[in-house]
Amino acid sequence: MNKVWAVIRREFIERVRTKAFLLSTLLFPVFIAAMSVLPALLLTKAAGTMQIAVVDGSSGGFGMRVVDALSAIKRGDGPDAESQYAPVLVTAPGEALEAARDSLIAITGLSKKAGPSFNGVLVITDEGLASGRLQYFGDNAGSPAAMGELSSTIRPLVTRQRLEREGVDPLVVMRAIGPVSLATQRVADGKLTGQSGDATFIIAYAMGFILYISLLIYGIQVMTSIVEEKSNRIMEVLASSMTPFQMLLGKIVGVGSVALVQLGIWAAAAYAITTYRTEIVGFFGADPAASSNIAGMIPAIPGSLLVVFLIFFVLGFLLYSALFAAVGSMCNTVQETQQAQFPVMFLIILGLMTMFALLNDPNSPLVTTLSYVPFWTPFVIPVRYSMAPIPILDLAVSAVVTILGMLAIVWVAARIYRVGILSYGKRASIKDLWRWVRTA
Amino acid sequence: MTTHVVRVDRVTKRFAGHTAVRSFSLDIPQGGIFGLLGPNGAGKSTTIRMIMNIITPDEGKIHLFGGTGSGREHSARIGYLPEERGLYKKMKVKEQLSFFGETKGIPHKEAVRKTGEWLERLGLTDWTDKKVEDLSKGMQQKVQFIGTLLHEPELVILDEPFSGLDPVNAQVMKDVVVDIARQGRTVLFSTHIMEQAEKMCDRIAIIARGEKVVDGPLAEVKREFGHRYVALAFHRNGEAAGRVLQDRKLVAKVDDYGNSAEVELAEGAESDALLHALVGAGVGLNRFEVVEPSLQSIFIAKVGADAARAVASGDKR
Chain A
1 MNKVWAVIRR EFIERVRTKA FLLSTLLFPV FIAAMSVLPA LLLTKAAGTM QIAVVDGSSG
61 GFGMRVVDAL SAIKRGDGPD AESQYAPVLV TAPGEALEAA RDSLIAITGL SKKAGPSFNG
121 VLVITDEGLA SGRLQYFGDN AGSPAAMGEL SSTIRPLVTR QRLEREGVDP LVVMRAIGPV
181 SLATQRVADG KLTGQSGDAT FIIAYAMGFI LYISLLIYGI QVMTSIVEEK SNRIMEVLAS
241 SMTPFQMLLG KIVGVGSVAL VQLGIWAAAA YAITTYRTEI VGFFGADPAA SSNIAGMIPA
301 IPGSLLVVFL IFFVLGFLLY SALFAAVGSM CNTVQETQQA QFPVMFLIIL GLMTMFALLN
361 DPNSPLVTTL SYVPFWTPFV IPVRYSMAPI PILDLAVSAV VTILGMLAIV WVAARIYRVG
421 ILSYGKRASI KDLWRWVRTA
Chain B
1 MTTHVVRVDR VTKRFAGHTA VRSFSLDIPQ GGIFGLLGPN GAGKSTTIRM IMNIITPDEG
61 KIHLFGGTGS GREHSARIGY LPEERGLYKK MKVKEQLSFF GETKGIPHKE AVRKTGEWLE
121 RLGLTDWTDK KVEDLSKGMQ QKVQFIGTLL HEPELVILDE PFSGLDPVNA QVMKDVVVDI
181 ARQGRTVLFS THIMEQAEKM CDRIAIIARG EKVVDGPLAE VKREFGHRYV ALAFHRNGEA
241 AGRVLQDRKL VAKVDDYGNS AEVELAEGAE SDALLHALVG AGVGLNRFEV VEPSLQSIFI
301 AKVGADAARA VASGDKR
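Chains A and B, in that order, give the protein sequences.
Oh and the first sequence: position 125 is 125 in the numbering used here, straight run, nothing missing.
Oh and the second sequence: position 270 is 270 in the numbering used here, straight run, nothing missing.
Keep in mind the hints are simulated off the structure, nothing from the lab.
The model shown is predicted, which means the values in this text are computed figures rather than measured ones.
Keep in mind that the hints are not guaranteed to be accurate.
Pair by pair, the computed Cβ-Cβ distance ranges are [said to hold, decoys possible]:
id, chain 1, residue 1, chain 2, residue 2, range
1, B, 83, A, 18, 23 to 33 Å
2, A, 334, B, 223, 48 to 58 Å
3, A, 347, B, 16, 28 to 38 Å
4, B, 179, A, 427, 43 to 53 Å
5, A, 267, B, 89, 26 to 36 Å
6, B, 260, A, 427, 53 to 63 Å
7, A, 209, B, 40, 49 to 59 Å
Calculated lysine-lysine pairs in the DSS-like style (CA-CA distance at most 30 Å, straight line) [stated by the list, open to error]:
id, chain 1, residue 1, chain 2, residue 2
8, A, 19, B, 109
9, B, 89, B, 61
10, B, 302, B, 61
11, B, 302, A, 3
Just so you know, even glycine gets a beta-carbon here, dropped at the ideal spot from N, CA and C.
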């Protein structure tokens, strides 16, 4: 047992010390922070009131309404908030329209030194209102965000204008098209859980991806490090003092604990950043109100779900790492593993696909069946558990089946590993593998 | 009563297509240095790996320390230096070594302490915190050597320990090996360099084509080999000496170097008769020395003869 412990410690310390680990561990929180700070920062940068000339060539005085609506839009809340637009109305009916438009465009998008200029020119005509195609010329016409804002301000005004022209009271219409939504609540074991359907959907999604990504990163690390040990010829030194099973166990647990530590750091960082979001955003000199609240998107995870997830995460990690270890032990170079790992990758990707199928219908027969296949229970069970109630007995059966399957796979993988680690030369064929598994 | 530290009992190992070791037996008594000699591909490493239980024999049994239990189960008592050296390249020297110690079952703290002692002994103190990949080949070999001996094993098994070492490092390691034997511990090492084996070993076994050719204490092997050699050097009348050495009644074989020669006496011939004949022919001798057969010559005679016999009998291996 002490030997296994020595291997675990070596794997853990050597991995945690690498630059790759430090970088990836730090980059993720930086990414989260950037996600919450950047939008606020970008909005702040875009600040400054937009000078817009509204050239009104329509017959109904529509230009005035647009100017009123634009002037009413403020950046942020509060009484002293800055106006987003400074609209100027230019009435140019009939023949005068084109001349007015062109002369205004000529002083649009100038640099600050060149004197006062407009950011954009909005042209309103009767035809435009009828067809729903108004023209806008501006230095910010390339910005989808600015254009989206502008058109969403104008759209209701145009709708209103059209309704009035047809003699319909706009208020009646507004009431009629008011939104309808379902307030969903999850029920488990005949009791309300207090969770909304949307929240569990996101948790389910995230959990599947965390497992998937951890397997990709750390499962493959197990595999490549075994190939390296083989090509370093250190295997023989180790094999003379430890059983292959001790080596395998130490490696998988060592790498697995690195994975858990990294996930833990990430979770803590995500929690801290979302909690202190306002302070962080403020530190960068941006308006906290404008930052997107990622914390608001992360729903509270019920404790029982977390336990189920952790249990199946660990089982899944052990199972797939053992498979990756077996693949590593039968290869001589990292290049060789690229092909050899395909069956394992296939199983993992199938697990992820199953998860998508499951999000459509958590109670379908397919999903229920997959709840008892060890390869996929780690993907299926936590997601199923979060979406629809699973009887405790079913849960226990799934867990037992997964544990048994995991032990069987680890056993087979260990037998392949035992022979594979000391075989050099040609990559093993399926027939070789079968012989390795059978030999005592 | 002698205890056998290693007892290899009629062991056979086949690999796809050929037999690497065939019905091979070996008894290694406690204490001293045992040399396992043989040409490349003779089955030395296979035998050693079977002793270490890294591969299992197809037939036969191996007993260690007079009991049952595999090499791995006794790993705390055995130090093993494989032919293919292997270290973690990215690990620091001291951590690498204490890790090796721990895999042999020594507690962490003790492993760290012993690592320090050994690094000092082999003059590697300055490299303690360096990564293995920053070390020269020779230093890496020393580190590997320490890894083998760190846990003070009773039985030290070294597969080609001196290959790739410069003379200075080879000397350092030889001293360590001799020291271990002096402490009553047992060393088994394999080599194809005969001079080394001749100087160091108490007992030897020669293996060729997977079969044992010779086995026993070095002195006995030499005596049984029986061939007597005479080393000659002459300063005058070398042509006359050449004629004397042609006499097949006296001389079985000559290695003539012009001014010196190595002579194998013919069966039944006495060295005195040869000396008499040379002096009688007026050869001016600088040197006339009856020498024991060198291990090298025993090796070539035995392995060569064996190979010849194998070919004659149509052995397909």
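What are the numbers of the hints that this structure violates, sorted from low to high?
-> 9 and 11
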